[in-house]
Structure formats: C-alpha cells, structure tokens
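Take the two lone chains and join them into the complex the hints point to.
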Amino acid sequence: MKTLLIGEYREGKLLDSTYELLGFAGQMSAETSMLLVGSETQLPTYSGTLYLAEAATCGEYNPGLHKKLILEAVQKESPDLIVFLHSSYGWDLAPRVAAALKAAQISEVIAITDGGFEVGCCNAKMRRTVKPATAQAVLTIQAGAFPVLQSGGTPNIQKLTAAGDCTLEFVGYEPAEKKDIDLAKAEVIVSAGRGIGKKDNVPAIQALAKALGGELGASRPVVDAGWVEHSHQVGTTGQTVSPKLYVACGISGAIQHLAGMKKSDFIIAINKDKDAPIGEIADVLVVADVMQFVPALTAKVLR
Amino acid sequence: MKLLVCIKQVPDLESRFKPDAAGVWYNETDLAFRMNEYDEYAVEQAVQLREKLGEGTELTVLSIGPDRVVEAIKKSLAMGCDNAAHIQDQAASAKDPWQIASIIAAYAKDKAFDIIFTGMQSQDRGSAQVGVTIAEQLGFACTTTIVGFDYVDGTITAKRELEGGIKGVVKLKTPALVTCQLGLNVPRYPTLPNIMKAKKKEIVAIPVADLLTEESLTTTASFHPPAKKGGGIVLEGDVADLVEKVIAILKDKTTVLR
Ligand SMILES: Cc1cc2nc3c(=O)[nH]c(=O)nc-3n(C[C@H](O)[C@H](O)[C@H](O)COP(=O)(O)OP(=O)(O)OC[C@H]3O[C@@H](n4cnc5c(N)ncnc54)[C@H](O)[C@@H]3O)c2cc1C
Chain X
1 MKTLLIGEYR
11 EGKLLDSTYE
21 LLGFAGQMSA
31 ETSMLLVGSE
41 TQLPTYSGTL
51 YLAEAATCGE
61 YNPGLHKKLI
71 LEAVQKESPD
81 LIVFLHSSYG
91 WDLAPRVAAA
101 LKAAQISEVI
111 AITDGGFEVG
121 CCNAKMRRTV
131 KPATAQAVLT
141 IQAGAFPVLQ
151 SGGTPNIQKL
161 TAAGDCTLEF
171 VGYEPAEKKD
181 IDLAKAEVIV
191 SAGRGIGKKD
201 NVPAIQALAK
211 ALGGELGASR
221 PVVDAGWVEH
231 SHQVGTTGQT
241 VSPKLYVACG
251 ISGAIQHLAG
261 MKKSDFIIAI
271 NKDKDAPIGE
281 IADVLVVADV
291 MQFVPALTAK
301 VLR
Chain H
1 MKLLVCIKQV
11 PDLESRFKPD
21 AAGVWYNETD
31 LAFRMNEYDE
41 YAVEQAVQLR
51 EKLGEGTELT
61 VLSIGPDRVV
71 EAIKKSLAMG
81 CDNAAHIQDQ
91 AASAKDPWQI
101 ASIIAAYAKD
111 KAFDIIFTGM
121 QSQDRGSAQV
131 GVTIAEQLGF
141 ACTTTIVGFD
151 YVDGTITAKR
161 ELEGGIKGVV
171 KLKTPALVTC
181 QLGLNVPRYP
191 TLPNIMKAKK
201 KEIVAIPVAD
211 LLTEESLTTT
221 ASFHPPAKKG
231 GGIVLEGDVA
241 DLVEKVIAIL
251 KDKTTVLR
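Protein sequence lines, in the order shown, are assigned to chains X and H.
For the first sequence, the residue numbers in my numbering are 1 to 303.
For the second sequence, the residue numbers in my numbering are 1 to 258.
Don't read these hints as lab results, they were simulated from the structure.
Accuracy of the hints is not assured; some may be wrong.
[To be verified] Derived DEER-like restraints, expressed as beta-carbon distance ranges:
#1 X:Lys13 <-> H:Arg16: 42 to 48 Å
#2 X:Thr57 <-> H:Pro66: 48 to 54 Å
#3 H:Glu51 <-> X:Ala135: 32 to 38 Å
#4 H:Arg258 <-> X:Thr57: 56 to 62 Å
#5 H:Val169 <-> X:Lys300: 46 to 52 Å
#6 H:Ala32 <-> X:Glu174: 35 to 41 Å
#7 X:Thr57 <-> H:Pro207: 46 to 52 Å
#8 H:Lys228 <-> X:Lys244: 43 to 49 Å
#9 X:Asp16 <-> H:Val204: 45 to 51 Å
All values reported here derive from a predicted model rather than from experimental measurement.
Yeah, the Cβ is synthetic: ideal placement off N, Cα and C, and Gly gets one too.
The shape of chain H in the complex, shown without the other chains (with noise of 0.2 Å):
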C-alpha cells in the first residue's frame, strides 16, 4: 500500500502578526513556525496504519513551502513517516487553495496512492478546502472533520465529527482521502533515536513549477487585524492590583459575590 500524508507549517499563533509590504498576508520576520495542528493527527494516524500494515507499506509525507518547511518534514519523519517529498516554493503563501491543491494532485496523480491524509484545516488560512479539491482532482473518496479511523481490506471506516458532538460514521473504499480534525488520536513525540533514524531518511526536492499549472481562482485585497469592538477594559498591571479591580468589578457589575 501507498499512503500520502499531507502538512503545512504554520506560524505559533500566539504571535502578534503584522501585514507584510504588500498587505496580503503576514510578514514572517520574527514569526517561529512549527505543524500545523490539525496535520499532527493526520501524520499520527497515517504512522499508526503504516505500523498496522507492515512491510510493503510506504508512507510518504509532502510539504510545499520555502526551505523552513523541512524542519516540520522532519519532524513527520521522526513520527514515522518513510520518506518526504519538499515541493520548494518560496510564494506558496501567495497561492490560493485551489493551486496548493492542484500542485499536491499534479505530485500525486501517477504514484498511485490508496489513502491520503490531510489535516481538516490550517490554522493559519482555515479554508478547510484543501483536502476536499486534492481528492475531487484525483477522483478519490473522500470524508471530513474524522475523529475515528478505521482502515481493513480496502475499506476505511471513518467517524465525522458534527455539530454538537454527533457523529456520523462512513465507509468508503480506496482510493481515498480523509481530512483529519483535532483529537482524532494522541500525536507521539519523536524519540532522540527516531529523530537520528529520520536524517537518514530521503526528502526529494521538487521545483514547484514542475507541478503548478493552475492559475489563482482568488485575490487577497488585503490582511489587517479585526475592527475591535471595544466595549470591554484591558487591565495590566501588577497581579495584587488585577485581583482587587477584577474583585471591585464582580462586585459592581455581577451578583456572584453577594
């Protein structure tokens, strides 16, 4: 079996983001970068069927990105992942979800994949459209948002997670594409041994202009930080000082204290 795992890197979303020259998208300068989240799970459950399996197995993990992209590859690897591809792209933040699906369908289209996993969404974009096109483009089955995997003789059983915690459980045959949501599994930390094992392991490097052939179906007019409301007070300051105005505060505007 062939599996393909899918990940992106993303910036730590506690930082403060700034626009970047062109006001489109976030400037990089002093962001730290790591996994996406919702990926950690789909590369987690990707290595756990590859462990199932066994030999004749092969799981291969993708990235498209500038060369920071390597650190999460390999991270990927360290999981489990056999071997990686990089698809080297400096303005992949520039791309819209359209193209960035159309350039994983163009790597993956002759190499017969049965299972592709991929995160629900990214934190940073959250178009949650990424997966649904790569599987539409490959002709491949395809379920989102699973919090259960199950995977036998060509079938993957496959739980959705729904509003209000309802699930709805699917089978579809592969070929076939799952989007992964948070807390699907327990991604594992890499062990030192695993992370020495990983060094060994191939990352090809693939031009991305090799595989993009798609134009953008979007355009970004700009990236700014939301109007705020106002309303609400921020309080800073020494934490004695916080304690007694939060304390004032309950006790003016809320009965909790009385």
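The shape of chain X in the complex, shown without the other chains (with noise of 0.2 Å):
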C-alpha cells in the first residue's frame, strides 16, 4: 500500500492538520510521500520523499496548477491512495484530481475499517463504510478524526514545477471578523442551537449563561439567521473553546460544532432527540424541550 500526502499550507506557514495525514498513512501502515505546495523555510518534519513546489510561485490557493502538480507526483508515485484533509483546501482540490484520474473518491473518512472507510452522513448521525471500486482513490480525511504523528527526520525533496493554466485569480485574503468577546477566556459557556426556535428565545439562553456567571455561545444557524453576533460562534469557522462547563441548548452535534467545543471539562446538552449526535460527547444529555427545561434551570440556579 502506498499513499501520496497532500499537506497543507496557508499565508506563509505549514498547517499542523498536515501531520494528520502522517497519522492516517500510519494507521495503514503504509509507504508514504508527500506533496506540498509551500516552502523550504517550513518544512515538516518527517522523513520520507517530499514533492515540493514554491507557493510563491504555484499561489497558496491556484487548485488548477495544484492539481497538475499533484498529478505529476502521482505519475512518479504510483500511489493506491491520495490522501487530503477534508478542509476548504482539500475538498476543493481532491475532486479535481480525483475527475482527472477517474479515480473514487471517498469524502470525510473518519476511520478505517475492514477493506474500506468509514465515513459520516445524514447530519453526523449515522455512518457509511465505502469501498472504492478503482484501483486508485482519492481520501480526504475528517479533521481531528486521525492522530497528529510528528515522527521526526527530514524530507528528501523533490522539486516540482508546472505553469500555466490559471482558471481562477486569487486576490488576497480578508482577515475574520474581529471578535467582540473572547470566548476562549470563559469558563462556562451557555450555547444556542437552530433548536431555541426562534431569535425571541435568545435572551432565555443568555440568562442561564449569566445565571452561571458565564458568556454566551451560539451554532452556524444561529448566527446566519441574524439572532447572535458572529464573535459567540462555536466551531471551525467561529471560535475553539475548552470552557469548564458548556450547555448545548438545540444544538444537533455537527462535526463542525463538535470540533469548536469538544474539548470542554465537561459538556450538558439539551435537546428533544435522544439520538442527536451531540449525545455522543455530552457528559449529561438532558431530553427535553429546550424553552420548557432552559428557563426552569435558570429559576432554579438562581434561587
């Protein structure tokens, strides 16, 4: 089994999600390489073969050249697996090598299982295991799914360049929205899901977070509608929190939510069905309506 790494590399630094592709390869004990479109000032650490082009020549995000730089690693590899995280760089970029290969692709995996990979679907709440029917395929990897491995050594390099067709023109990034609060500082947080109903509900859930001396939280939903401001939101597009206690109020358990406030000492989440995902990392899932047990704590706390 051979596997060709995609690392990843953003405004000028190697990202540390690249040493969970290492943790994938070595969960399938598998001869590995790497590719990176990045820079020889920020290697990773490892020691095996590493196609490398210069980002300041290739663009940090030009997934045409990318893919032709990937493709002419996979000529030299001959690799069984061609492996991306499933992040905005890799779900982008894998289907397109993936077309050009006609090779399977399989999205998100989070484990692998006998012959084939486990992935998730409906929401987080169920499962699939797919095999790829090809005898080349192309993986991206759930993040926090695989452990990070940083064996160590250095790369043997190999330089790659390729030029020409650029079917998009990258302008620049915009920083995220400056945070009004910093959600990272609390100790309790007191989160909003789609499941408080409606924009009305939210200074209920405001008052147990006060009631508990701690700040407000929110999901994507919930700031998307308008109800909160972005700053409270919780995930990988909002903030990473470990507060010692955290309250999902209505909040299903997307891996999104999940990977923002997982590693909270210790998580209660309320919700009407009992099979939410969220329940699968909650200390206390409390089955309850949301507007009915919120403010009946909040009474209670305050007493």
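What follows is the structure, encoded as structure tokens:
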C-alpha cells in the first residue's frame, strides 16, 4: 500500500493539520510520500519523500495548477491512495484530482475499516462504510479524526514545477471578523442552537449563561440567521473553546460544531432528540424541550 | 445569459434513520423531505443574479430523483427560477457523486450555461464532490464554499470561507461553477402570488437513462448508526425532576455552583 499525502500551507505557514495525514498513513501502515505547495523554509518534520513546489510562484490557492503538480507526483509514485484533509483546501482540490484520474473519491473519512473507509452521513447521525471500486482512490480525511503524528527527521525533497493554466485569480485573504468577546477565556459557555426556535428565545439562553457566570455561545445557523453576533459562534469557522462547563441548547452536534467545543471539561446537552449526535460527546444529555427546561433551570440556579 | 442551479431534496435531519432493505442507505418510509439547506443559498444567489441581470437571462433549476423532488423544484420556481429540469431517477440515492455529477454534466454539456450554482454539499450524503466534479467534466472554472458573490461583465468575484473565519477572495471568468456555503445570503420565502405564478412554469422531465453513461466508482458496504462511545448519561422525564437532577450533577461534577 502506497499513499501520497497532500500537505497544507496557508499565509506563509505549514499547517499543523498536515501531521494528521501522517497519523492516517501510520494507521494504514502505508509507504508514504508527501506533496506540499509551500516553502523550503517551512518543511514538515518527516523523513520520507517530499514533492515540493513553491507557493511563492504557484500560489497558495490555485487549484488548476496544484492539480497539475499532484498529477505529476502521482505519475512518479503510482500511489494507491491520494489523501487530503477534508478542509477548504482539500474538498476543493480532491475532486479535481479524482476526476482527472477517474479515481473513486471517498469524502470525510473518520476511520479505516476492513477493506473500506467509514464516513459520517445524515448530519453525523449515521455512518456508511464505503469502498473504492477503482485501483487508485482519492480520500479526504475528517479534521481531528486521526492522531497527529510527528515522526521527526527531514524530508528528501523533490522539486516540482508546473506552469500555465490559471482558471482563476486569487486576490488575497480577508481576516476573520473582529471578536468583541473572547470565548476562549470563558469558564462557562451556554450556547444556543437552531433548536431554540426563534430569535426571541435568545434572551432565555443568555439568562442561563448569566446565572452560571458565563458567556453566550451559538451554533452557526443561529449566527447566519442574525439571531446572535458572529463573535459568539463556536466551531471550525468560529471560535475554539474549552470551558469548564459547556451547555449546548438545541444543538445537534455536527462535526464542525464539535470541533470547536469537544475539549470542554464537562458538557451538558439539552435536546428533544435522544439520538442527536451531540449525545456522543456530552457527559449529560437532557432529553427535553429546550424552552421548557432552560428557563426552569435558570430559575433554580438563581434561587 | 444562461444560469443553472442544481438542487437536492434531503430528509428532515431531525428524523430517526433506519437502514433500507439492502442496508446501504436509509429507508425512506416516514421521512419528510425538503430542499437541502446549502442549495437554498444557491437558489437565492442565482435568483438574485437573475433579477440583477433582468430580461434576456434565463435561470433553470435542476434536480435528480423520484417524483417527490418536484416539491423542491416547485419551491425553487416560486423563489424565482424560470424553468426546471427534473431528471427522473428512482434510484438516485444508489448513485455515487461521480455518477450524479456526470448526469448533470451530460445535461448541461450542450446548453451553454454561463454560471452554475450548487450547494457546497448535501446534508445527508455530504460528499462535497458533485459541484467541483461537474465543473471538471465541463471544463468550467470553479471555486467552493462561497460566502460572498458578485458578478460583473463575465467575471465573478467570490469570497471563499476558510477555517477560523478567514476568507479568500477569488476572481473567475465565466463559464464558471460556484458551490454555496451557509450564510451566503438570506434565502427568501416564496410568497403566495409567486407560488401561484410558479405553477405555470415549465418542468421538463428527462428519464435518467438518457443522460447516464458512467458506472459508479465506489460501493457502499453498509449504513449504520455510530458505535456509541458511552460514558455520558441520558436524562429523561418531567422537567422539574430533570432540573433537580441537573442541579445535583452541576454541584457534584463541576465548580460552577459553588
Ligand atoms: C465548512 C463548514 C463550516 C461550518 N462551521 C460551523 C461552525 O463553526 N459552527 C457551527 O455550529 N456549525 C458550523 N457548520 C454547520 C454545521 O454543519 C451544522 O449545520 C450546524 O452546526 C447545525 O447547527 P444546530 O445544531 O444549531 O442546528 P441543527 O443541526 O438544525 O440542530 C438543531 C437541534 O435542535 C434540536 N431541537 C429542535 N427543537 C428543539 C426543542 N424544542 N427542544 C430541544 N431541542 C430541539 C434538534 O433535535 C436538533 O438536534 C459548518 C458547516 C460547514 C459545511
């Protein structure tokens, strides 16, 4: 088994998530090579072959060109698996490589199973075991699903160059919105999810946060709907938090939300659905209507 | 200009899922279906562009699936799409993303679309592959996960959402495909007059066999619930009792009430 891992690099830095790819390859017991569009000054600690192209000339986001570079490395290595992270870089690039090779693609792999790969579905409520039907396959692995592996050493560098077809122009980065509160410092966070039903119910969640001496958090739909400011959003595209207590009110437990709060010391979830995936990581799952339970709890805490 | 928006119908995700007879996907009995959330943003963006460009622009909505998907198509027509293509397929859920993308590319191939909109992923399958694969098959420029969109004279300026809330600004020339992320806009609710008007809009039905030429590149071995990690406790019952129990747990396991 041979894998070609596609490392990640952004704003002039190698991303730590690259080491999760090595964790995956470790679990596969696979022979490994890596490709990175990055910089010689930001090399991963890893002792295998590294196909390196300079981001300074190839761009950090230039999928047409990055695809060409990957195809060149694929030709040299003939890997069985070409592995990306399931990230804004990976899910954008992987299907382009898979289409060029007409290879099976399996997205957001969370575990390796007998002859196949386990992936989540139905908003993380269910799982599928999927197998490639082609000799070569492209995978994207879920962020956080595989351990970080830093084996040390320096890579054996093989330089790649490719030129030409730029189907788009990358203009630049825009920083994340300024945060008016730093949730990372909060000891207690009580978060509102879509299950609270409407904007008018936000104060009731905020009241519990206040009663417990904490801050208000939110899942993404609540922010997208304009019920709560973006600075309160917890998750991959919001803030990462690890309070002593996290209370999830009407939040289903999608992976992008869990990624932002699963390191909390103690998690209480209130959900009317006993099967909600938040139950997989919650210390306590209270099966109840959130708008009946939360005000009652607040009243008791204040008493 | 010619615009296309691709939508999928998905079950209400708050439902309970049971495996189907083959054990490879969910059993559809008792499930209520609606438009994939990501696609609502795609439809809204396409309709906004259609309104901005005005006369001479045609916006088609496409969906693959059994008869039930006509409901989602009708909603898109009521939101402002001009006409629709229903690719009739009883077995759409058994097709992998490569096949779904190939069917859409086969449909779009000779129709000279300038811009195609899709959701970034579906809520049930979640492969995030179909949009990009359609673009690759058609040779369109493509970018994904957009939270900002503008179009002027053959050039799209899109904002991609990256991890941590950073955004990447990208310009692409049409023909192009974009995959839409949650929060891109505020999807409208169809109004009653528009629902009535939509009834007169044309829905072309095309049997999937006319467009399908590709074999599946993956096979699904099983569909099952996650192995419960355990550890956590589940509390059920009367609200007053639940409150008492949670207060006791907070006192016992955390320091927040001390
Ligand atoms: C690239 C990407 C990045 C993302 N980033 C983030 C992120 O940073 N943060 C984030 O949160 N999400 C993010 N998401 C979205 C994520 O996938 C989910 O869609 C989102 O987390 C769902 O929010 P929710 O749990 O509030 O809503 P839903 O998934 O709709 O869940 C609502 C829950 O409320 C329960 N409920 C309903 N009514 C009641 C009631 N009366 N009483 C009790 N419970 C009730 C339901 O059973 C359900 O479990 C991202 C998605 C993508 C694709």
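Consistency of the hints with the structure:
Checked against the given bound of 42 to 48 Å, the beta carbons of X:Lys13 and H:Arg16, roughly 44 Å apart, stay inside it. For X:Thr57 paired with H:Pro66, a C-beta distance near 50 Å keeps the hint of 48 to 54 Å intact. Between H:Glu51 and X:Ala135 the Cβ separation comes to about 48 Å, which falls outside the hinted range of 32 to 38 Å. Our hint of 56 to 62 Å for H:Arg258 and X:Thr57 holds, since their Cβ atoms are close to 59 Å apart.
Between H:Val169 and X:Lys300 the beta carbons are some 49 Å apart, a value that agrees with the proposed interval 46 to 52 Å. Checked against the hint of 35 to 41 Å, the C-beta distance between H:Ala32 and X:Glu174 comes to roughly 38 Å, which is consistent with it. Taken as a hint, the range 46 to 52 Å holds for the pair X:Thr57 and H:Pro207, whose Cβ atoms sit roughly 49 Å apart. Take H:Lys228 and X:Lys244: their Cβ atoms lie about 25 Å apart, and the range 43 to 49 Å is violated.
Roughly 50 Å separates the CB atoms of X:Asp16 and H:Val204, a value that falls within the hinted 45 to 51 Å.
Checked against the numbered hints given earlier, this structure breaks hints 3, 8; the rest are met.
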